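Take a look at the letters that make up each chain.
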Amino acid sequence: MIRSRRDIVPYLFLVIPVIIYIVWVIGPMFYTFYLSLTDWDGLTTPNFIGLKNYVKLFDDKVFYISMANNLKWLLAFITIPVVFGLGLAMVLNVAIPGEKFFKMSFYMPMVLAMVVSGLIWGWMFHPSGGLINNFLVWTGLVEKGPGWLSDRDLVLWSIIGVAIWRQIGYVMVLYLAGLKSINPQLLEAAHVDGANQWNTFWKILLPLLTPVTIIVLVISVIDSLRAFDLVSVMTRGGPAHASSVLANFMYIEAFNNYKMGYGASIAVMLFFLSLIFIFVYLRRVMQDEMEY
Amino acid sequence: METAKAYFKSPWRVLIYLALVVATFLWLVPMLTGLVTSIRTFNDILYNGFISWPKEVTLENFKTAWERGGLSHYLPNSFIITLPSLALTLFLSSLGAYSLARFKFKGNNLIFFTFVGGMLLPFQVLMLPVFKLTDWLGLYDTYWGLIFFHTAFQLGFCTFMLRNYMRTVPGEILEAARIDGCGEIRIWWQIMLPLTLPAIAAIATLEFTWIFNDYLWAIVLLRSDKLKPITAGLATLQGQYVTDWPVIVAGALIGTLPTLLVFLFLQRYFIEGLTLGSTK
Numbered sequence: 001m002i003r004s005r006r007d008i009v010p011y012l013f014l015v016i017p018v019i020i021y022i023v024w025v026i027g028p029m030f031y032t033f034y035l036s037l038t039d040w041d042g043l044t045t046p047n048f049i050g051l052k053n054y055v056k057l058f059d060d061k062v063f064y065i066s067m068a069n070n071l072k073w074l075l076a077f078i079t080i081p082v083v084f085g086l087g088l089a090m091v092l093n094v095a096i097p098g099e100k101f102f103k104m105s106f107y108m109p110m111v112l113a114m115v116v117s118g119l120i121w122g123w124m125f126h127p128s129g130g131l132i133n134n135f136l137v138w139t140g141l142v143e144k145g146p147g148w149l150s151d152r153d154l155v156l157w158s159i160i161g162v163a164i165w166r167q168i169g170y171v172m173v174l175y176l177a178g179l180k181s182i183n184p185q186l187l188e189a190a191h192v193d194g195a196n197q198w199n200t201f202w203k204i205l206l207p208l209l210t211p212v213t214i215i216v217l218v219i220s221v222i223d224s225l226r227a228f229d230l231v232s233v234m235t236r237g238g239p240a241h242a243s244s245v246l247a248n249f250m251y252i253e254a255f256n257n258y259k260m261g262y263g264a265s266i267a268v269m270l271f272f273l274s275l276i277f278i279f280v281y282l283r284r285v286m287q288d289e290m291e292y
Numbered sequence: 001m002e003t004a005k006a007y008f009k010s011p012w013r014v015l016i017y018l019a020l021v022v023a024t025f026l027w028l029v030p031m032l033t034g035l036v037t038s039i040r041t042f043n044d045i046l047y048n049g050f051i052s053w054p055k056e057v058t059l060e061n062f063k064t065a066w067e068r069g070g071l072s073h074y075l076p077n078s079f080i081i082t083l084p085s086l087a088l089t090l091f092l093s094s095l096g097a098y099s100l101a102r103f104k105f106k107g108n109n110l111i112f113f114t115f116v117g118g119m120l121l122p123f124q125v126l127m128l129p130v131f132k133l134t135d136w137l138g139l140y141d142t143y144w145g146l147i148f149f150h151t152a153f154q155l156g157f158c159t160f161m162l163r164n165y166m167r168t169v170p171g172e173i174l175e176a177a178r179i180d181g182c183g184e185i186r187i188w189w190q191i192m193l194p195l196t197l198p199a200i201a202a203i204a205t206l207e208f209t210w211i212f213n214d215y216l217w218a219i220v221l222l223r224s225d226k227l228k229p230i231t232a233g234l235a236t237l238q239g240q241y242v243t244d245w246p247v248i249v250a251g252a253l254i255g256t257l258p259t260l261l262v263f264l265f266l267q268r269y270f271i272e273g274l275t276l277g278s279t280k
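Taken in sequence, the protein lines are chains X and U.
According to the working numbering, the first sequence is numbered sequentially starting from 1.
According to the working numbering, the second sequence is numbered sequentially starting from 1.
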């Protein structure tokens, strides 16, 4: 009797959190699949229409633009912030005068709401009044600066630039923690054995940092698929969908055009894109469990 | 001084240092631009160019954003939404995490990995069903609709982090309490929670900024202007004062003040929170 009472204890602790998580997160995840097969408009009862939304989606130019933009975002995110974040972490890992100030400056963008960053950068990008074009004209390099957010070829990269400004600090924090956990004697030994800094970095440091790199890459991918706030505040996906990303495309279809069923089919695509990377992360966590 | 002397022992380091100073300056430029813009008038900037000495310095933009721009009610709304969400998600996740960390039972790993997997979802995937659910519960366009969602979604991250931390607490302490006849609820509350406080502080700091800075869920689950938090409010402000950038930027600066203060005073916890999960 007492034994069985003890067995139930762990479930009692979990019951409320698990129910809430199922109702608000896990259930909705599956419900999105169902909604994507309906013509729901947000008001009336959804009618089942089979794969019609998907047929339409695969014929929608904006879908391909948004997907391509998400992929460009992803590629930029898994390269530039990773390289610079690691570089900064290496530089700031040794005692350096003004260390605290440097670190704080790079952390700071992380704390700002994306909306705030989007607004302030939107102003910096302003074609005539903004700092960037004013500076370009002031240097005499150009007579008139480009339309950072109105030029179709530039707009996406301008926004990604802002996202990178924010992301580098995050990557740096993770690598700094990784570097701290490396036994300095290993590097010492390499030095004694006559390895130069270049070799030490590639053959010892980088392999030791692999676990951190995996986390950094997964987080970068997930963050690039979550991209929404900056686009929404800075351009709403324009001009002519040039800066549209999936999340933004979905929001507009669902809440501005009342095509919620259609929006759900976009969500499903987003889900499958992220699934691979979620599994990579889960496998990594599971490996930790094995070692435990 | 000592660090300086030790650091600049090679000429390479001087170069690296210079590059670092330049990069840091570039990183701060947006904030500096924001500060300078917010105390100038738009006409002054337009006529004299941004790179010019301000003709006059004014705090009028902050006043406009605060009073007519509605920030005086957007900002309190942010706290009304963030603080209960934060308290609820920490409370519930510490319950669940205790169970996952310290008990062997059927389904432990499944539940744990469900929390971790959910934490990584691009949350837009949940947007439409959660909108429907909230509406069905009669919570659409209320603070509670938003609070419930934040509480639920952040459970993933908080449970993950707290569970891993609680595993590091030595088992003898808990065993001793059990032998003394202490109930599990009391062990959780009087022994586990106090020992987990460093992790809770770190996670709370991080979660505060995340929930406070949320924009997407605020515009999906709220409609009334009087309920909007600062992020959604700033987007509205932008629509209202389309061309008056100093007012928009002043508003953005006010909106970032709470998280900036939290960061400045609790930086250590913030950074610890970010790195809790990445290294062991």
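Since the hints were derived computationally from the structure, they do not count as laboratory data.
Nothing here was measured: the structure is a model prediction, and the numbers come from that model.
Certain hints may be false.
What the hints assert, rightly or not - Simulated pairs of lysine-lysine, DSSO-like, Cα-Cα distance not exceeding 30 Å: (1) X:Lys-180 with U:Lys-132; (2) U:Lys-5 with U:Lys-132; (3) U:Lys-226 with X:Lys-180; (4) X:Lys-56 with U:Lys-132; (5) X:Lys-72 with X:Lys-100; (6) X:Lys-52 with X:Lys-144; (7) X:Lys-180 with X:Lys-61; (8) U:Lys-63 with X:Lys-144; (9) U:Lys-5 with X:Lys-100; (10) U:Lys-226 with X:Lys-61; (11) X:Lys-100 with U:Lys-9; (12) X:Lys-203 with X:Lys-180; (13) U:Lys-63 with X:Lys-203; (14) X:Lys-72 with X:Lys-61; (15) U:Lys-226 with X:Lys-52; (16) X:Lys-72 with X:Lys-56; (17) U:Lys-104 with U:Lys-226.
Taking the hints in turn, this is what the structure says about them:
no.: 1; hint: X:Lys-180 with U:Lys-132; verdict: violated (46 Å)
no.: 2; hint: U:Lys-5 with U:Lys-132; verdict: violated (63 Å)
no.: 3; hint: U:Lys-226 with X:Lys-180; verdict: violated (47 Å)
no.: 4; hint: X:Lys-56 with U:Lys-132; verdict: holds (23 Å)
no.: 5; hint: X:Lys-72 with X:Lys-100; verdict: violated (33 Å)
no.: 6; hint: X:Lys-52 with X:Lys-144; verdict: violated (48 Å)
no.: 7; hint: X:Lys-180 with X:Lys-61; verdict: violated (48 Å)
no.: 8; hint: U:Lys-63 with X:Lys-144; verdict: violated (34 Å)
no.: 9; hint: U:Lys-5 with X:Lys-100; verdict: holds (17 Å)
no.: 10; hint: U:Lys-226 with X:Lys-61; verdict: violated (38 Å)
no.: 11; hint: X:Lys-100 with U:Lys-9; verdict: holds (21 Å)
no.: 12; hint: X:Lys-203 with X:Lys-180; verdict: holds (18 Å)
no.: 13; hint: U:Lys-63 with X:Lys-203; verdict: violated (57 Å)
no.: 14; hint: X:Lys-72 with X:Lys-61; verdict: holds (17 Å)
no.: 15; hint: U:Lys-226 with X:Lys-52; verdict: violated (39 Å)
no.: 16; hint: X:Lys-72 with X:Lys-56; verdict: holds (24 Å)
no.: 17; hint: U:Lys-104 with U:Lys-226; verdict: violated (48 Å)
The structure fails to meet hints 1, 2, 3, 5, 6, 7, 8, 10, 13, 15 and 17 from the earlier list, while all remaining hints are met.
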